[in-house]
Amino acid sequence: MSSVWIWFAHALSRALDPVEREAVLGDFAELRMTDGRALKGMLGLVVRRQAGFWKGWQPWFVLAAVVLPISPLLGEQSNRLGLGFFPNLVMWFQHGISYRTGVSSAALLAEFCFQATALITWSWASAFALGTLSRRTLWANGVLFLVLCAIFSVYRGLYSVRILWLTPWAWTPIVMNFLVVLLPAYCGLRKSAKSRRTEPRWVIPLAAWTWIIGGLAFWTQGWYDAAYDNWSHGAPALGLFQLAQRADAWEALVSHLFTLALLSGPILYLLAMDTASHRLSRISRA
Amino acid sequence: MLGEFEYLLIAAAVRLGDEAYGAAIVQEIERASPRKCSVGALYTTLDRLEAKGMIKTWMGKPTEERGGRSKRMVRVTAKGVAAATAFYETVQQVSRGTSWEAVRAGVRQ
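If you read the sequences in order, they're chains P and Y. Following our numbering, the numbering of the first sequence begins with 171 at its first residue and continues without gaps. Following our numbering, the numbering of the second sequence begins with 365 at its first residue and continues without gaps.
Wrong hints could be hidden among the right ones.
What the hints assert, rightly or not - List time: in silico BS3-like cross-link candidates among lysine-lysine, alpha-carbon distance up to 25 Å: (1) Y:Lys416 - Y:Lys443; (2) Y:Lys400 - P:Lys225; (3) Y:Lys400 - P:Lys210; (4) P:Lys210 - P:Lys225; (5) Y:Lys400 - Y:Lys420.
What the hints assert, rightly or not - Here are the simulated distance ranges between beta carbons: (6) Y:Glu394 - P:Gln220: 20 to 28 Å; (7) Y:Glu414 - P:Ala446: 31 to 39 Å; (8) Y:Glu383 - P:Pro188: 46 to 54 Å; (9) P:Ile382 - Y:Glu428: 50 to 58 Å.
What the hints assert, rightly or not - A few chain P residues that face chain Y, going by a derived Cβ cut-off under 8 Å, partial list only: (10) Ala199; (11) Glu200; (12) Leu279.
Quick caveat, the hints were computed from the structure, so don't treat them as lab data. Positions of the beta carbon are idealized from the N, C-alpha and C atoms, including for glycine.
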């Protein structure tokens, strides 16, 4: 039992500064404190330290500008992808045909790839920006971000699990949400915890990529209206090239510009901060 | 004016001298008083006292007993000694002429 307490105490100690962590864990080892007292002591210290960090404005800014607005958006987009992908997969494996009509299989695959890649990019970039903007409260804000993403991602997915829990396909949306949101977000947090400062050399391409892949993901969401309209006239399914030529397929992108700006916001803010700090350091050197 | 725990911490550190560090202070306080000393309270109090200039801390050498981890060594400054002395004198002054044995016996009756 004692190893469980000490394991939790070690896990919690990651929220401390490395020097303090070393001293406290050393004290536990010397005092042979391996029971609940070690965990209680560590919890008390971490809570006191975190409470001290929240006296500044940065953690609150990150909470208000990144955690609270972006986690529901990621959850919603992930739901959309998961629940859209799920019936297609079931129909494909059980009957060998696509669930929807009006969009070609190649276009469906492209849509899935764009949206999954966009979600991975947004999740990673948001978590990375979150960690970089509030280093000292990284784990408090990070855990809250992951928990909110998980809640918003799976709450509708659980409905399909409850109905169809006997089929392995029912779990697809939840597994996919984990793969395209939670896992990349966790990797982004870890990356920000390891790197002391960001390099504009790769933040610029990342910001550009976030906009491009995000634009493609929202554009694909407009395909269905165009495809259904085409299908209702008895025409064959639209391919990628034909969809690109349809003006009504672009409407979804225009209507989601605000969401796109919100989801790309953290990485753009990071880019702006980095560029400004590099300019300032160049001026001070000159 | 120091708080009660701050005084206990400074007194324990003075008593330990060159061997004053986190775990030793915890043991010293627990040996001298009936209260349990939490590591969280100890380290936040150390920070507060250091910010007030009453103690100085630094990282010592790692030891095998501690799993190869370093100690946070503590030394009480002149300002810390003065504050602890003032606290002790205040307790003595305010307790002058009071017999706790007699008071306890009176409360029992």
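For the pair supplied as a hint, lysine 400 of chain Y and lysine 225 of chain P, is the alpha-carbon distance within the 25 Å limit?
-> Measuring from Cα to Cα gives roughly 29 Å; hence the hint is violated.
CB-CB spacing for glutamate 428 of chain Y and isoleucine 382 of chain P relative to the 50 to 58 Å hint | holds, 56 Å
Please verify that hint: glutamate 200 of chain P, Cβ, nearest Cβ of chain Y, below 8 Å or not.
-> holds, 4 Å
Glutamate 383 of chain Y paired with proline 188 of chain P, Cβ distance criterion 46 to 54 Å = violated, 24 Å
Between lysine 400 of chain Y and lysine 210 of chain P, is the straight-line Cα distance small enough, at 25 Å or below?
-> Holds, because 12 Å separates the two Cα atoms, which is no more than 25 Å.
Pair hint outcome, lysine 400 of chain Y versus lysine 420 of chain Y [Cα-Cα no greater than 25 Å] | Given that 25 Å is the threshold and the Cα spacing comes to 24 Å, the pair holds.
Is it true that the C-beta distance of glutamate 394 of chain Y to glutamine 220 of chain P lies inside 20 to 28 Å, as the hint says?
-> Since glutamate 394 of chain Y and glutamine 220 of chain P have Cβ atoms about 26 Å apart, the given range 20 to 28 Å holds.
Classify the hint on alanine 199 of chain P as holds or violated, based on whether any CB of chain Y lies nearer than 8 Å to its CB.
-> holds, 4 Å
Look at the Cβ atoms of glutamate 414 of chain Y and alanine 446 of chain P and judge whether their distance stays inside 31 to 39 Å.
-> holds, 34 Å
Decide if the proposed pair is consistent with the structure: lysine 416 of chain Y and lysine 443 of chain Y, CA atoms, cutoff 25 Å inclusive.
-> This hinted pair holds, its Cα atoms lying about 9 Å apart.
Go through the hint on leucine 279 of chain P and say holds or violated, using the shortest Cβ distance to chain Y against 8 Å.
-> Violated. Min distance 53 Å.
Going straight from one Cα to the other, do lysine 210 of chain P and lysine 225 of chain P come out at no more than 25 Å?
-> holds, 23 Å
The structure fails hints 2, 8, 12 (numbered hints given earlier, in ascending order).
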